[in-house]
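Please work from the sequences and hints to get the whole structure.
Protein chains: 2
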Amino acid sequence: MNGFDYFLNYFSEKLKYEIAELGKRKPAKLYEPVTYSLDIGGKRIRPVLLLMSYNLFKPDFEKALPVAFAIELFHNFTLLHDDIMDDADLRRNNQTVHVKYSRNAAILSGDAMSILSYEYLSRCNSENLSEILELYTQTALKICEGQQFDMDFETSNQITVDDYLNMIGLKTAILLASSLKLGALVANAPSSDSNCLYEFGYNLGLAFQLQDDLLDTFGDKDEFGKNIGGDIVSNKKTFLLLNALKLADKFQKNELNKWLSSSQFDKTEKIIRVKKIFSELEIEKITRFMIEHYYRVATEWWEKLNVAEDKKEGLMHVANLLMNRRK
Amino acid sequence: MNGFDYFLNYFSEKLKYEIAELGKRKPAKLYEPVTYSLDIGGKRIRPVLLLMSYNLFKPDFEKALPVAFAIELFHNFTLLHDDIMDDADLRRNNQTVHVKYSRNAAILSGDAMSILSYEYLSRCNSENLSEILELYTQTALKICEGQQFDMDFETSNQITVDDYLNMIGLKTAILLASSLKLGALVANAPSSDSNCLYEFGYNLGLAFQLQDDLLDTFGDKDEFGKNIGGDIVSNKKTFLLLNALKLADKFQKNELNKWLSSSQFDKTEKIIRVKKIFSELEIEKITRFMIEHYYRVATEWWEKLNVAEDKKEGLMHVANLLMNRRK
Numbered sequence: 001m002n003g004f005d006y007f008l009n010y011f012s013e014k015l016k017y018e019i020a021e022l023g024k025r026k027p028a029k030l031y032e033p034v035t036y037s038l039d040i041g042g043k044r045i046r047p048v049l050l051l052m053s054y055n056l057f058k059p060d061f062e063k064a065l066p067v068a069f070a071i072e073l074f075h076n077f078t079l080l081h082d083d084i085m086d087d088a089d090l091r092r093n094n095q096t097v098h099v100k101y102s103r104n105a106a107i108l109s110g111d112a113m114s115i116l117s118y119e120y121l122s123r124c125n126s127e128n129l130s131e132i133l134e135l136y137t138q139t140a141l142k143i144c145e146g147q148q149f150d151m152d153f154e155t156s157n158q159i160t161v162d163d164y165l166n167m168i169g170l171k172t173a174i175l176l177a178s179s180l181k182l183g184a185l186v187a188n189a190p191s192s193d194s195n196c197l198y199e200f201g202y203n204l205g206l207a208f209q210l211q212d213d214l215l216d217t218f219g220d221k222d223e224f225g226k227n228i229g230g231d232i233v234s235n236k237k238t239f240l241l242l243n244a245l246k247l248a249d250k251f252q253k254n255e256l257n258k259w260l261s262s263s264q265f266d267k268t269e270k271i272i273r274v275k276k277i278f279s280e281l282e283i284e285k286i287t288r289f290m291i292e293h294y295y296r297v298a299t300e301w302w303e304k305l306n307v308a309e310d311k312k313e314g315l316m317h318v319a320n321l322l323m324n325r326r327k
Numbered sequence: 001m002n003g004f005d006y007f008l009n010y011f012s013e014k015l016k017y018e019i020a021e022l023g024k025r026k027p028a029k030l031y032e033p034v035t036y037s038l039d040i041g042g043k044r045i046r047p048v049l050l051l052m053s054y055n056l057f058k059p060d061f062e063k064a065l066p067v068a069f070a071i072e073l074f075h076n077f078t079l080l081h082d083d084i085m086d087d088a089d090l091r092r093n094n095q096t097v098h099v100k101y102s103r104n105a106a107i108l109s110g111d112a113m114s115i116l117s118y119e120y121l122s123r124c125n126s127e128n129l130s131e132i133l134e135l136y137t138q139t140a141l142k143i144c145e146g147q148q149f150d151m152d153f154e155t156s157n158q159i160t161v162d163d164y165l166n167m168i169g170l171k172t173a174i175l176l177a178s179s180l181k182l183g184a185l186v187a188n189a190p191s192s193d194s195n196c197l198y199e200f201g202y203n204l205g206l207a208f209q210l211q212d213d214l215l216d217t218f219g220d221k222d223e224f225g226k227n228i229g230g231d232i233v234s235n236k237k238t239f240l241l242l243n244a245l246k247l248a249d250k251f252q253k254n255e256l257n258k259w260l261s262s263s264q265f266d267k268t269e270k271i272i273r274v275k276k277i278f279s280e281l282e283i284e285k286i287t288r289f290m291i292e293h294y295y296r297v298a299t300e301w302w303e304k305l306n307v308a309e310d311k312k313e314g315l316m317h318v319a320n321l322l323m324n325r326r327k
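Line by line, the protein sequences give chains A and B.
Counted from 1, the first sequence has number 305 at position 305 by the numbering used here; the numbering is strictly sequential.
Counted from 1, the second sequence has number 69 at position 69 by the numbering used here; the numbering is strictly sequential.
Keep in mind that the hints were calculated from the coordinates and are not lab data.
Note that this is a predicted model, so its numbers are computed, not measured.
Please note that the accuracy of each hint is not assured.
If several chains are the same, the list does not tell them apart, and a pair holds so long as it fits within one copy or across any two.
What the hints assert, rightly or not - Restricting the straight-line Cα-Cα distance to at most 27 Å, the calculated cross-link-like pairs of lysine-lysine (DSS-like) are:
#1 K226 x K236
#2 K29 x K246
#3 K246 x K26
#4 K250 x K275
#5 K29 x K142
#6 K258 x K246
Structure, rendered in structure tokens:
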């Protein structure tokens, strides 16, 4: 049974070729930022999940490649435009496109990348094209909606935990869910299975994002790969903070609000003090509980999936890689 | 036989309803700029041409509405993002989206609008969906390429007349051509006819853009609706200027280059002096000749179109409206 690494190598090779082809198109100033942003990498989780999902039902997974390219291009397009909106200088330790080229180049090349993703999609030779186009487009639109909610949250003090779960659902979980479902649709799989895969991916995506929130505050710097406490410093309304604000007593709420509203502070002190309140309120435990909850729901959908056990296990193995679980 | 006004009224009514529906979607900050930019109007030339093209072959033109919406949304998306890139404050006498809302709102709402156009496209219930998706996507991509060429031209001194014709082909003519062809594809028309319509639209688009260039310099302010000479003041590399640079003798070229490179000048004087060189070189005559050429080629393709004469005439009537010709 081919595992994640096999599909990752396969996809990476094919992508390298596509990047070279895209690099030949004119005008160069439009396509250079596209190939640059594809080149600087990423984990290629989504296209690999899509190929593996196709492979659950049919062996000739090269037929799912156009849609796998589409998903990877679309994902990178969203990162490219998000980086302009967030004024981010670095992405995967490389200059972001708007810094390396220009803001206008980043806007227009991003637009082209979004459309290019539909070029790949249009190459998928499937009798389910109509359904594939619809799911792909709804997914793309929901990611934009999620990004807008995320930006709205920065300036609102009325955000609930449910709002947050809805937002990360739109911004993160739906793309994992749809990648899996698209693979099944291209393979012309039974709709019961393609729906199982969608729900599996959606719940896994929520578990993954909550874990990312948790590690940002309670993780190990080397394992997480980023500095710990970044979300606390930037007042990010994560699952942790929103729960803390909900559960805090008057005294704790005052202190939290003091840190949230102060513009001059010592970063290390802020992290220590906010984490202390989180600990008092058992935020880590609550978050771990919710991660387990979504992970378990994902597993339940996975169990309902009506395909050969060895292939199913390959998929769960990827889920565990994503969640950094040894299993 | 229903003419342009009939289809324009029909489309405008249906669009009004769609705008109201889009206005109900959440988050409001994502969809408000979308409905605002659709609301401030435009001539709706492209969707009307699409509906009329469908109607050449079949009477139930409401079936082409989703693709007509798609084209109109896509066109407005390109204007929205172009306005950010050009730092334009006004569009159709209204504030541009990035001025009225914010730069980030304009980027993200534009992205959503581009994807929304695919949502409408995906609603077209056609056996030619694959071909429609491919033509639509290639058209969208070429418009991005045209925009990049246009931006490249601003900083290059090596632009030829052919480069310019290629650029306006990508940026303007292809969307007219594809609107007509898409109408035919949705109607399942014979490919000979859909290709005639494409060529008709492409050549008409070139004639239209060259006429726009001509009127900017040699038009009548009231008729043109903009101040005359704007292209000369801003050194825009139009068909007129590129031909003048090609045909100028040493003395004329020196004077042109002097005006192109000077940053401090009297606008009226610059316009008068550059127009004088244009007159010496018979640029107006050359441009009119080329407009006639493309208009004639468009007419030849129109004549080859194998549909009922009264319907054909409706289409030529629109072409003449577009070119401000009484016929």
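Quick rundown of the hints versus the structure:
1. Only within a single protomer do K226 and K236 lie at most 27 Å apart by alpha-carbon distance; the minimum there is 15 Å, versus 48 Å between protomers.
2. Taking the shortest alpha-carbon separations for K29 and K246, only the inter-copy value of 26 Å comes in at or below 27 Å, while the best intra-copy value is 49 Å.
3. Taking identical chains as interchangeable, the C-alpha atoms of K246 and K26 lie at most 27 Å apart only when they sit on different chains, with a minimum of 25 Å there against 54 Å within one chain.
4. For the homomeric pair K250 and K275, the shortest alpha-carbon distance inside one copy (17 Å) is at most 27 Å, but the shortest distance between copies (75 Å) is not.
5. In the homo-oligomer, the alpha carbons of K29 and K142 lie at most 27 Å apart only across protomers (14 Å), although the nearest pairing inside one protomer, at 29 Å, exceeds that limit.
6. Taking the shortest Cα distances, K258 and K246 sit within 27 Å of each other inside one copy (16 Å), while across copies they are farther apart (68 Å).
The structure shown violates none of the earlier numbered hints.
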